[in-house]
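Given the coordinates of chain H, work out where chain W should sit on it, guided by the hints.
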Amino acid sequence: MGAGHPHVLYRESGSPVHRLPPEVKIAAMVLFTVAVVATPREAYWAFGGYALLVAVVAALARVGPRWLLSRALIELPFVLFAFALPFLGAGERVEVAGLALSVDGLHGAFNILAKGTLGVLASLLLAATTTTRDLLLGLDRLRCPQILTQIATFMLRYLEVLVGEARRMRVARVSRGDDPRFLWQLRGFAAGVGALFLRAFERGERVYLAMLSRGYTGRMPTAWQGAGAATAGQWVAAATVPAIAATIAAVALVLQ
Amino acid sequence: MHISNGIINGPVAAIFAAFALAALAFCVRRGRADLDDRLAPMAGLVAAFIFAVQMLNFPIFTAGVSGHLLGGALAAMLVGPWVGALCVAVVLIVQALVFGDGGVAMLGLNITNMALLGTAAAYLLIALLLRVLPRSPSGLAVTAFVSALVSVVVAAQGFVLQYWLGGTTDLGGNLTGLAGTMAFAHLLIGVGEGLITATTVVTVAKVRPDLVYALRALKPATPAPAVPVAGGAR
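Sequence order for the protein chains is H and W.
The opening position of the first sequence corresponds to residue 1 in the UniProt record's numbering, with each subsequent residue numbered one higher.
The opening position of the second sequence corresponds to residue 1 in the UniProt record's numbering, with each subsequent residue numbered one higher.
Pulled out of the complex, with its shape left as it was, chain H reads as follows (with noise of 0.2 Å):
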């Protein structure tokens, strides 16, 4: 369990995306989200540049269309909402296939899909390039309180602990007998989940504890050493998406 342990997100590969330091990608994909979301939501070609943008960063990773559109559904619930707003926008109503839609509820729908998805893929890239622990050292080396990155790293590494002693508990209940289909078998259930984090924790507990007298002071060795940081170079390559970025949503906010 834990430490250089892949994601399910991840995908292994020596792309030069995967090549860059962790911060240098958390720090681009944060700020090419905000120049997408600050883009006025008129300017469609701005989306159709940031959607390029996303597409050259892909295949630079060697990351293909069908695993990102696929992973990409997670956004699903706010696109029905999106798909919602064309009928409970107020104002203006124009006449689309017999039905009167609100010219600000399809201009509204159009934001949170492109925004949205424009998001979901940006965050997808950086997952599938980077391993947890990267992902952990980046935002360390970006100066995240080290509680917060604490707290990060123990969720990560207990989410292993607490799946497998689930299924350690369910192989012990099904091979009881215990064959929990309907719903009135709940309670069962129910009274496993308690149980279920009180094992988890002494599990995890005694994980702490042997981190703890192996000279564990709350942050990982990888972290303190400082060994491959991002040089001025590698910042300058990551800084092209979101600097291509910034001078789309300027143009579109000049054009306006």
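In case anyone wonders, no lab produced these hints; they're calculated from the structure.
C-beta: ideal position from N, C-alpha, C; glycine also.
Each statement offered as a hint is correct.
Chain H is faced by these chain W residues, among others (derived, beta-carbon under 7 Å):
{"#": "1", "residue": "Ser-4"}
{"#": "2", "residue": "Asn-5"}
{"#": "3", "residue": "Ile-7"}
{"#": "4", "residue": "Arg-32"}
{"#": "5", "residue": "Pro-41"}
{"#": "6", "residue": "Leu-45"}
{"#": "7", "residue": "Ala-47"}
{"#": "8", "residue": "Gly-103"}
{"#": "9", "residue": "Thr-169"}
{"#": "10", "residue": "Thr-199"}
{"#": "11", "residue": "Val-207"}
Sample of chain W residues at the chain H side, in silico, Cβ under 7 Å:
{"#": "12", "residue": "Val-28"}
{"#": "13", "residue": "Ala-43"}
{"#": "14", "residue": "Ala-48"}
{"#": "15", "residue": "Leu-86"}
{"#": "16", "residue": "Val-98"}
{"#": "17", "residue": "Gly-100"}
{"#": "18", "residue": "Val-104"}
Positioned in the frame of chain H, the structure of chain W alone reads:
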């Protein structure tokens, strides 16, 4: 509940980002004092638990909003308000960075709703109810249930407030409809959240009362019999 990019306009998102940053900085300062050898692994586990639980999403198709369990009350109960808010915030940050769940530019709004408002409402209620209700497992269960239920509804109304301030589409009179839908949907979710929070907290309090922050902080006189039970409750 996770607001994705483009739902709320930029200026409002920026204001809430500044607010969330200031509030989190305060929580970091207060949380450092709380975080000892017992709380550190607990904070990690609570965050992992919330992370897993938030994966269960209930879409409410009629209005196009979705809801899920938040875990703010559980965090406030087990690790206290400061570290609790940080736990939920960490979950939201990792979700936004890695899974694209909730827009990165909307993180301030999401943290304000779920990590700050939800946890604060829960802890205020916990502090009140634990003093009022009898000190028994059922009193604790009621406290956990009510605080979880209320915290979910409060967090949902935080979204309605933000939409009113800076929603990108003017809903006109439908805003009250949105508030109603959000309140009703999250009332149902709150019942589920309350049940999970109550069972978890009561089980933990029965076996390891020393692990429940709310009981430690609000009942300082009782020396906790810290006897680790191998293998848990079963």
